[in-house]
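Chemist: So the chains spell out like this:
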Amino acid sequence: MKEKPRCTETKNNKTTRRRLRATLGKALVCMFGLLPTLSLADLDARQRHLLNSKCVQCHANQHTGAPLIGAREEWRSVVNQGEFVTLSNVVQGIRGMPPLGYCSACSEEDLMAITRFMALWPKPATGQD
Amino acid sequence: MQRRRFLKGSVLLGAGAAIGSTAGCGPHGEEPQSPVNFEPGKPLPWINWAGNQHCYPESRKAPQNTDQLVDIMKSAKGVIRAVGSGHSFSGLVPTDDTLISTDLMSGLVSHDPKSLQATLLGGTTLRDCGPILDAIGQAMPNMPDMDYPTLAGAIASSVHATGAAFGSMSSYVVALKLVTPQGELIECSADKNPEIFQAARTSLGALGVISEVTIQNQTPFNLTEVNGVTTANEIWATLDQRVANNRHFELFTIPYSDLILTVTTNLAKPEDNNSGEDDPQAVNALREAFNATHWIPAIGSRLYSKLLDLSMSGSANVIRTGKSYEVFPHVRIVRFREMEYTVPAEVGPACMQEIMQTIRTKKLPISFPFEYRYVKGDDVWLSMFEGRDGCSISIHQYGDLDYKRVFAEIEPIFWKYEGRPHWGKIHTLDAQRLASLYPRHWQDFQEIRTALDPEGKMMNKHLKQIFGDR
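Protein sequences, first through last, are from chains L and B. Counting along the first sequence from 1, when you hit position 41 you're at 49 in the numbering used here, and nothing is skipped either side. Counting along the second sequence from 1, when you hit position 130 you're at 148 in the numbering used here, and nothing is skipped either side.
Please keep in mind that the hints were generated in silico from the structure rather than gathered at the bench. C-beta: ideal position from N, C-alpha, C; glycine also. Careful: at least some of the hints might be erroneous.
As the list claims (entries may be wrong) - Covered by chain B, according to a simulated footprint, are these stretches of chain L (three or more residues, beta-carbon under 8 Å): (1) 59–65; (2) 85–99; (3) 110–118.
The task is simple: from the sequences and hints, build the whole structure.
Modeler: Below, the structure written as structure tokens:
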């Protein structure tokens, strides 16, 4: 019995399935946000201070309508629009959000780092934006 | 202005809004939310909360303590301005030279359990003051209806709350540390550098930057706030009793409506229970109803009034209860522009009623409720309450609508009643007219200011206009 062609076919199928699984896995990881995200430890002491004194005023208050820290679903639309638009909105203010998020000491880097932390935004190193 | 829950879920106003949307005749936004467009990688602007002030500072500094602040002041270039939370509507903050943020200067410095006084860094937000003070057995006797401002920012413009027996935030300051434009650290109180103290308790940030503030507190307490709706006739007939018999009382008039929203706050009783939270967006329902009706020839304003009567009358009271620092403030997420004047307490009702009548007579395009509060007089040189009990009346317009026409019609009414403008809000007065409103200490303040800042390093465009020099 010549099984080789079948075996080859099986191997090809396995390769294809592996690729499909990898692609699907990556999609699921993206979809469910399982990529590594910033932790509090990724913020420096200054950024943690600013987060605690400024950003939590709204992002830890369920009555403001602002997306809550760590509530991935609430941030999904923010993350989906990318860093450029997000940072522009943070600086200019949008809807109920005040310009600069009340943080006049924040640099552009501070604002993005704190936003990434609050939104469970994937780390820059993962290539996700 | 947040107590708007009376409108929540109003079917009538919802219907009105739908009419407005269909007809498409309501006014559209005329002013952008942000005064500038920012693109990442380009110079970072500073923008105030209301979005009507901005600047591009050449140098941004954020000291973490008084020593760092002293060093920064000694080497700062150009016009120096400090910023807290950026809630002022007036141009107190903008500078294209050196902007000093007090964001990192926050926290408790020391406290005295006997005198119930506490010293906090100037950048501490009122929101943070609540739990910090609670942990040491203290509480501020009164607080504004929003807690975003910083302590130093609040006293710079004599921020206040309501309550005929309570003064402004500045009146509770018993000592402070001021860093002058030359980098000199000055400690002052009623006993130490008393003239500088009287000037610095409400200084518009013109004397330097305040690094530490010592405030007089009391023991922690709980409050209960009750919001209700009453007819204007009943309110004006019973106002004196309402003000005298409650720890805090304020009201909100609504253009084109004969109903008034009342907010009464007293010490909590054990049986008090929360009945719900504010709806910070409810004021937008007013706007939608106004847009839907006011354009209709001849009957628009009457229809709007009727709509409000039907939707608001019979509204149940809303009750909030809890720790004082949780009940005083409210969420503020609807952007607006504000003009506020404080008139002598005794003429408050006449002034407010003339404003409401003027809006009807001139058919002014405004629907945002107006706030009406009482504040005890004090002896702070440039406080709006200096030498007299005050009634503060705040006029609001939505942030994306033109405010200038409406404010221009109303501002002269305040002048007629010898009103003093809030330093952090929109007004058009210059130095000459302001000086006449502060006959006792205007010149005293200018002398302290020029002594501490002989080169005018703290003077931006706005301060030059209102102080009238350099």
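Chemist: So which of those numbered hints doesn't the model satisfy?
Modeler: Those not satisfied: there are none.
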